[in-house]
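Asks: Chain by chain, the residues:
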Amino acid sequence: MTVMTLIQAVNDALKHEMRRDDRVVVFGEDVGVKGGVFLATEGLQAEFGKDRCFDTPLSECGIIGTAVGMALYGLRPIPEIQFLDFIYPAFDQIVSEAAKMRYRSGGEYTCPMVIRSPYGGGIKGGHYHSQSAEAYFCHTPGLKVVIPSTPADAKGLLIASIRDEDPVMFLEPKRIYRTLKQEVPEGEHVVPIGKGRIVREGKDATVIAYGAMVGICEQAAELAAKEGRSVEIVDPRTLVPLDEPLILDSVRKTGRCVVVYEAPRTCGYGAELAAIVAEKAIEYLEGPIVRVAGFDTPFPYTLDNLYMPDARRVLRGIQKTFQW
Amino acid sequence: MTATKYLSVIDKDGKVAKGKDPNLDAEELRRLYRVMVTTRVMDERALVLQRQGRIGFYVPATGQEASHIGSAYALRDSDWIFPSYRQPGIPLLRGAKIDHLIAEWYGYEGDICKGRQMPVHYSLRSIHFVSVSSPIGTQISHAAGCAMAMRMRKHDGVAMTYFGDGATSSNDFHSGLNFAAVYRAPVVFVCENNHWAISVPVSAQSGTEEMAVKAEAYGMPGVRVDGNDVLAVYRVCKEAVERARRGEGPTLVETVTFRMGPHSSSDDPSKYRDAATVEQWKRRDPIQRFQRYLQQRRLWNEAFEKECQESARATINEAIKRVEATNKPAPRTMFEDVYMTMPPHLQEQMQDLLSLEGPAAADEGAFPL
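As they're listed, the protein sequences go chains G and S. This note's numbering puts the first residue of the first sequence at 1, with every later residue one more than the last. This note's numbering puts the first residue of the second sequence at 1, with every later residue one more than the last.
By construction, these hints were calculated from the structure, which means they are not laboratory data. Be careful, since some hints might not be right.
Result set (DMTMM-like, lysine to aspartate or glutamate): computed pairs, CA atoms no more than 25 Å apart in a straight line [what the hints assert, rightly or not]:
1. 154(S) - 92(G)
2. 280(G) - 285(S)
3. 328(S) - 204(G)
4. 154(S) - 47(G)
5. 5(S) - 21(S)
6. 154(S) - 22(G)
7. 154(S) - 279(G)
8. 320(G) - 279(G)
9. 97(S) - 47(G)
10. 50(G) - 156(S)
11. 282(S) - 302(S)
12. 195(G) - 285(S)
13. 195(G) - 248(S)
14. 280(G) - 302(S)
15. 280(G) - 248(S)
16. 214(S) - 272(G)
17. 181(G) - 165(G)
18. 195(G) - 302(S)
19. 154(S) - 165(G)
20. 50(G) - 248(S)
21. 154(S) - 51(G)
22. 154(S) - 17(G)
23. 253(G) - 348(S)
24. 18(S) - 248(S)
Stretches of chain G that chain S covers, calculated by requiring three or more beta carbons in the stretch to come under 8 Å of a beta carbon on chain S [said to hold, decoys possible]:
25. 96-102
26. 199-208
Far from chain G, some chain S residues (derived; all Cβ distances over 12 Å) [as the list claims (entries may be wrong)]:
27. 28
28. 98
29. 114
30. 116
31. 139
32. 148
33. 151
34. 152
35. 170
36. 207
37. 316
Note that the structure is predicted; figures quoted are calculated from it, not measured. Cβ atoms here follow ideal geometry from the backbone N, Cα and C, with glycine treated the same way.
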């Protein structure tokens, strides 16, 4: 075990896989000499050379388009999109090409690749360095969507994603890149895609959260405990495919459900979570399913602390499930 | 027709200027001709099937046979093709099974794509013919990426990609050419300038009359060639392919040709272009031109023509019969190949569908709108 930040765990996973498999290549804007704007790819070019870790022209469309071509040819590309807010020029390549390739070719051609991108707010990044765009990708059949919330999960899930045979959107909660330090297993460490985790056990209400919201929910759970309420926190870790049994078992046990996500509320991924719980566990519910989310506004700069769900908003959400 | 110059090899009488003939082997020349004829016959048959309601849609390549067949002929069979939806002669050139093409039109169980795509969106991995999609230009950057991978792996392959004049407006044209040039990737970009992007003429597509000039801004050679002259296209592409294989980087080839038919079975070009222009281009038909060349070289006669036409028709008609005797893919195939293994939510949705009782809704959907 070594104590690492989330960004160091990402770096460790990349190095581990690049050493193991020479088909793995890492590229994107500033990922070479500089090692990425967040240093996720620090040291990769020095160790693996310019053929396996390289800077690209400033074109998200080209980064993903060429990644598709590399994956078709048999490489394991890991393109980096510097901020998720800048991914939209590549949207067509992700949604129409990478995600559809296996299906449309009857399984002849596949696109195993991991699109890594920092996402999320709370870092004073304004509209263009703060968005949580996960729902667009969850809505696209053919993609897997993975979001870690701890350094150990970041390493284990990234390794699993790189070994996966399908395209994976690996979204890294940049707000907690360096705020969280944790022991991370050295060497081989795989966290399987499609398996969530219970962050904290409780019996009165279930809070479902992923990415940087997990820590916020832990704070809220402490506040709720002071009110005598025992909160269970579930982190799905993988949005697609989803560990439904873990979520439904928890809700069936507690009878209450709060869904927390920092993206705009309408049609956010949490809406899907709420729908699943309503369809499959409504007979266990003792109160309404409550969504605590970002607002349906563009992401603000100065007021980003008010935009982001915080512990008091999550606490209010928990309280609402009891007021029934 | 544009006034600007480009390379031609065969003149209108089938004669070749001294030193320009690539001197292909006689049997190979006859094979090329046969592939071009079969491609034309396939278009004719498919459009009839579409009119008869037996297939849903079709995209003809009539008039562009020399452009795509001549260029692909410059490759090794192991080189990769990133096509658009208008290069049906390449699978024939590379020996794909005709049943695979025709089963794809029908979307029946013998279709490699399992009925998941509209007609002509082939995927033929056995001949390195990458799955076709409808969005314009997306394959351009795939070819660049594939070629980058070939270079990284120190393989001596070449990627060739096809697109029309309309695609030069796309994001992927820019990023594909730019990436390929920056990494000196072994790729040949074949822009088939057929003068029309559905109803929009090339003059409304680009501020430049020639597409090949765009290459200069990316730092690669751009070559303009007579796209209705199979030997000229072959010569130019052969040079580009060899250049790529030597590690000297990408080339943009513009084949100047003409879409003699509609954009697709849903289109009526008489609404937006005049018949006189079409007639003018008909006189430059790539197959007739090549035929006159073969005649000059005593490689063509009426009997050969008859045999080419009849065997093409027979091959296609027999395949149609075989395909029509098969069934639609099983319902469960709709849920397969979304991922390598079917995740639980798709298994659940599949069970929901398969457990329904009573007849399914009538299959009445018809393209176009």
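Asks: Against each hint, give a clear statement of whether it holds in the structure.
Replies: Hint check:
{"no.": "1", "hint": "154(S) - 92(G)", "verdict": "violated (30 Å)"}
{"no.": "2", "hint": "280(G) - 285(S)", "verdict": "violated (64 Å)"}
{"no.": "3", "hint": "328(S) - 204(G)", "verdict": "violated (51 Å)"}
{"no.": "4", "hint": "154(S) - 47(G)", "verdict": "holds (19 Å)"}
{"no.": "5", "hint": "5(S) - 21(S)", "verdict": "holds (18 Å)"}
{"no.": "6", "hint": "154(S) - 22(G)", "verdict": "holds (13 Å)"}
{"no.": "7", "hint": "154(S) - 279(G)", "verdict": "violated (54 Å)"}
{"no.": "8", "hint": "320(G) - 279(G)", "verdict": "holds (20 Å)"}
{"no.": "9", "hint": "97(S) - 47(G)", "verdict": "violated (46 Å)"}
{"no.": "10", "hint": "50(G) - 156(S)", "verdict": "holds (19 Å)"}
{"no.": "11", "hint": "282(S) - 302(S)", "verdict": "holds (21 Å)"}
{"no.": "12", "hint": "195(G) - 285(S)", "verdict": "violated (61 Å)"}
{"no.": "13", "hint": "195(G) - 248(S)", "verdict": "violated (48 Å)"}
{"no.": "14", "hint": "280(G) - 302(S)", "verdict": "violated (73 Å)"}
{"no.": "15", "hint": "280(G) - 248(S)", "verdict": "violated (60 Å)"}
{"no.": "16", "hint": "214(S) - 272(G)", "verdict": "violated (47 Å)"}
{"no.": "17", "hint": "181(G) - 165(G)", "verdict": "violated (30 Å)"}
{"no.": "18", "hint": "195(G) - 302(S)", "verdict": "violated (69 Å)"}
{"no.": "19", "hint": "154(S) - 165(G)", "verdict": "holds (24 Å)"}
{"no.": "20", "hint": "50(G) - 248(S)", "verdict": "holds (19 Å)"}
{"no.": "21", "hint": "154(S) - 51(G)", "verdict": "holds (11 Å)"}
{"no.": "22", "hint": "154(S) - 17(G)", "verdict": "holds (21 Å)"}
{"no.": "23", "hint": "253(G) - 348(S)", "verdict": "holds (23 Å)"}
{"no.": "24", "hint": "18(S) - 248(S)", "verdict": "violated (29 Å)"}
{"no.": "25", "hint": "96-102", "verdict": "holds (count 5)"}
{"no.": "26", "hint": "199-208", "verdict": "violated (count 0)"}
{"no.": "27", "hint": "28", "verdict": "holds (29 Å)"}
{"no.": "28", "hint": "98", "verdict": "holds (18 Å)"}
{"no.": "29", "hint": "114", "verdict": "violated (4 Å)"}
{"no.": "30", "hint": "116", "verdict": "violated (6 Å)"}
{"no.": "31", "hint": "139", "verdict": "violated (8 Å)"}
{"no.": "32", "hint": "148", "verdict": "violated (6 Å)"}
{"no.": "33", "hint": "151", "verdict": "violated (8 Å)"}
{"no.": "34", "hint": "152", "verdict": "violated (5 Å)"}
{"no.": "35", "hint": "170", "verdict": "violated (9 Å)"}
{"no.": "36", "hint": "207", "verdict": "holds (21 Å)"}
{"no.": "37", "hint": "316", "verdict": "holds (22 Å)"}
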